[in-house]
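Student: Spelled out from the first residue to the last, the chains are:
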Amino acid sequence: MSRVMHYPLRSCAARALPRTFCSSRVVAIDRGVADTASWHVGPLTPCGVMTATCYHSCALIRPGFLARRGFAPRSLAALALAGDGRRHPDGIETHPNTCPWVVQLLTAAESTLTAPGCTDLIVAPAGCDAMRRMGDMLAVRLGDRIYRPWVPRTADEAAIRRLAKELEALDAWLERHATGRTAAPPAAANPAGKADPATTNPATARPDTVVSPPVEPRPGGVFVIAGPLSGVDLLRAIEDAGVPVSGLDSCTGVDRAAALAAGDARLTFDAEAREMLAAAVCPRSAVTLRREHLASRIADAHPAGLIHARLPFCDPGAYDGVLARSLADELELPFLDIEVGYPSEVTGPVRVRLEAFLERLTLDDDLLDDLVAFDDPLPQDLTRSPLPTDADRPNEVRSGRS
Amino acid sequence: MRTQVRALKSGTARKYLEHHALTAALALHEEGAFVPWVSYLFPSELLASYGLTPLIPEVAATTLMGMDFREEVETAMNRSALPRDLCSYHRAARAALDTRLLPAPSICLGTTPLCTAKECLLDQLAQEYHVPFISIHVPLPPDEGPARPDQVSDVAGQLGALHERIGEFTGRRPALAEAMRNSSRAARAWRSVDEGRMSGDLLLDGRHMFAFAFLGQMLWGTVAGARGFERLLTERGRADLVVPTNGSEGTSGPRPRLVWLHTVPHHDDSAFETIRAHGGAVVFEEMGRTHLEEIDPADPFPGLARRLIEHPVWGSATRRARLVVELARGARADGVIHFNHWGCRQGLGTLPVLRSVLAREGIPFLTIDGDALDRPGGGSDTMTARLESFLEMLL
Ligand code: SF4
Ligand code: SF4
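For the protein sequence lines, the chains are A and B, in the order given. 1 is the number of the first residue of the first sequence in my numbering; add one for each residue after it. 403 is the number of the first residue of the second sequence in my numbering; add one for each residue after it.
FYI, nobody ran anything at the bench for these hints, they're computed from the structure. Given the structure is predicted, the values throughout are model-derived calculations rather than measurements. Misleading hints may appear alongside valid ones.
Unchecked claim - Away from chain A, derived, C-beta distances all over 10 Å, residues of chain B:
no.	residue
1	453
2	525
3	541
4	586
5	701
6	727
7	755
8	783
9	791
Unchecked claim - Distance ranges between label pairs, derived from CB positions:
no.	chain 1	residue 1	chain 2	residue 2	range
10	B	480	A	332	24 to 30 Å
11	B	780	A	359	38 to 44 Å
12	A	144	B	559	29 to 35 Å
13	A	143	B	477	36 to 42 Å
14	A	144	B	473	51 to 57 Å
15	A	168	B	559	16 to 22 Å
What the hints assert, rightly or not - Some chain A residues near chain B, calculated using beta-carbon distances under 10 Å:
no.	residue
16	98
17	99
18	139
19	159
20	266
21	284
22	286
23	310
24	313
25	315
26	320
27	323
28	334
29	339
30	345
Backbone N, C-alpha and C fix where the C-beta goes; we use that ideal spot for every residue, glycine too.
With these hints in hand, go ahead and build the complete structure from the sequences.
Tutor: Following this line, the structure appears as C-alpha cells:
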C-alpha cells in the first residue's frame, strides 16, 4: 500500500506571504517547494489568484464529488496545519469546551476565507453538534459561500435517500458558484470517466492531512482507533516503544481517505450517497454500523492490543471509546483509552500511560505466543450486531427489566 | 404519598404535575413495565397513545440528583467510562442505569434535535440492552419563516410509521386521538399562559416555569398532563410560580427583567437568588417557547412534525438568535442570560452568533458557565461576581 506521510506545510516561501493571502496560492507555493508533481491546481478565480477551491471539514464527503463542478477539493485541515492556529483578535471566539479540531478548522477557515477578495467555498457537513455549530458560525461571516449538508448516522435506504437529496442540493450550489468562473478540466477529460487522480489517489491527494502508520502495519501490535489526528506522533511513539502499529482507524487516516477517494467521479446522487455512507464510518456513525466496521478492521489487522485516542470535548468520540472498550473486552485484548489534542502531540502524562500499556503488551509473553496462530477464528462473530433484527424479534411485549 | 398529599393540599399546577410525573416514573420500575428511553423532544403523545410513559434521561437524571440518590449516582459517574466533559444529564442517566436506579430500556427512541450526544447515548444503550433504537430524522428549519411543507410531510411520515411500529412492538391498541385531545387541552392552557406573560398581565418565574415544562414533557398526551397544565389557568393553580413582588408593587414590577436561555441549574439556586437579591426576575425562559399550538387530533402527525422542526433551539445559530431577539423584545427584557451547561456542544456552539446578534440589537447579554446538575451552592464565586456586575449594569 502506498504510504502517505504527514509533514508540515508552511515552508519558507509560504511563510513569507501575508496571512490574508489567498490560501490556495499559499499552499500551492508551499507544496511547490516540497513536491510540485503532487499539486492539484485548479482554475483561475475572480478573486484574482489561482484556484477555485472548495474546502471541506470532516472527511465525510467524497472529494471527487466537490470536483465535479470544477472546484479543487481541499481539506480545511490542510489550512489549519499550515497556519499558526492563532485566532485573529477579531475572530470568532468559541467556548473553551469545544473540540480542538473544530476550533482549528474554524480558525483556519475564518482567517483564510474572509480575506478580502477571496471567493473560495467551504462545505462543512453537519456531522456532530460541534461541527454543525462551526458551520453556523462561519455562515455568519461567509454567507452563501458555505454549505452545510446534513449527513445521517445510519446507512439504511431512508438515510441514503435523504443524503442523496442533500447532495443534489449541494451540487446545485456548487454549480451556481461555478458559473462565471473558469472551470477546471471537467471529469470528462479523463478518458475513463474517473475522478482526477490528483484528488482521488491517496498517495497524492491531500498528503498534508492524511495520516498513516510510519511503518508498514504488522500483526501482533496495537490497533489505534481515533478521531482526527494531525500527524504520526502517537503512532511513532508506539513504534518507538518497540510495538508495531497493526492498524489505524482515524477520521484523517489513510484508509478513510482511500475509501472516499475511490470510485467514479460521476455517480448518481443515490449512488454517491451510498458510497459516502459506506466509506465514512466514523465515531459519529450509528453504533451497529461502527461496530461492524471496527470489528472487521480489527479482525483484518490481528492486533494484540487496542488503543482508543479521543479528542477532548468530542461527544461521538466518547461513545466510540465505550464501544472500543467493549470490543476489546469481547476479543480479550488489552485496552487503553487516551486523550489527544489537535494538533496532536503525545504529552507527558499520555506518554507515561502509553508506555506502561505498551510495556505490558511486550512483557506479556503468553499473549504474544497466543498471537502466533493468526488464522484462528475470532472468539465470536463480532461483525454481527447484537441488535435484534425484525426477523429475530416477534411482536412480543418486551419487558424493560433485565 | 407525601407528594400526593402536598399536591392535593396545595392544588397548584406544579405540585400536581410533580406528583403525576413521579407516579408515572415509579411505575416504570414495576416488574414487566415497558420502558421507552426517549429523546427529550420525542413527542410523548405517541407513547401516551399506548398508555406508555417515556423515560427521558435528562428528566430522570435531574430528578435523581435532587434526591437522596445523588451520592450513589455521583459515585457511579466517577467510575463511568464516559469522560467528564460530556453532558452531565447523559453521564448521570447512564450511571443511574448502571447502578439500577433507572430501569433498563425496552426500546430507545431518538430525534435528531436537540443534540447528537443524546442520540449516541440512546443508540449505545439500545445496542447494550439488545433493544431497537429508532430515531426520527428532523431536518433543520429555515432561518426565517416556518418549516417547509416537504420537511413537515417527511417527519410526519416517520412519526406515523413509528407510532404504528410501537403498537406492533408492544402489542397494544392505540388511542392517539384521545392522546391528542389531551395534548391540545394542555397546549391551549400553555398558550394562554404564554400570552398572559407576553402581554405583561402575568408575571411568572422563568426558573419555575422551566422546571414545570421540563417535567411536563413526560405527560403530554395524558389526562394528568392536560389537567396539570389547565391548573395554570387559575390563580390558585399558579400560586407557587408567580414572581414575588417584594415591595415592587405600584412600580413597573421587578427590574431587571431577564430572559433565560437554555437549561437551568436545577438544584443550585444561587444565580436566581442573586437575581432576586437585586430586585430582578427571570420573566421568560427560552425552552418554554414550544407546545404553543394545538394539534388536530384527526390528523396529528403534521402538527407534531412541525412542533419538532420548529423547536426554538433547533436549526441554525442564526435562527436561534433571531428567536431570542424576538423573545427579548416581546418580553420587554432588560437583558438576556445564557446558561452554558457544561458539555452541551450544540448550546455552547451558538454563543458567538448569539453574542454578536444581541450586541448588534443592543440587548445586554451575559453567559454563565455551570452544570445543570450542580449541587446546591455549586455556582462559582466568579459566576456570582459576573452576574452581579451584569445586574448592576442593567439597573
Ligand atoms: S466528531 Fe468529535 S472530533 Fe469530529 S468534529 Fe465532532 S467533536 Fe470534533
Ligand atoms: S444539554 Fe445539550 S448536550 Fe445535554 S441533552 Fe441538552 S441539548 Fe443535549
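Student: Where does the structure disagree with the numbered hints, that is, which hint numbers, in rising order?
Tutor: Numbers 2, 3, 7, 13, 20, 28 and 30, in rising order.
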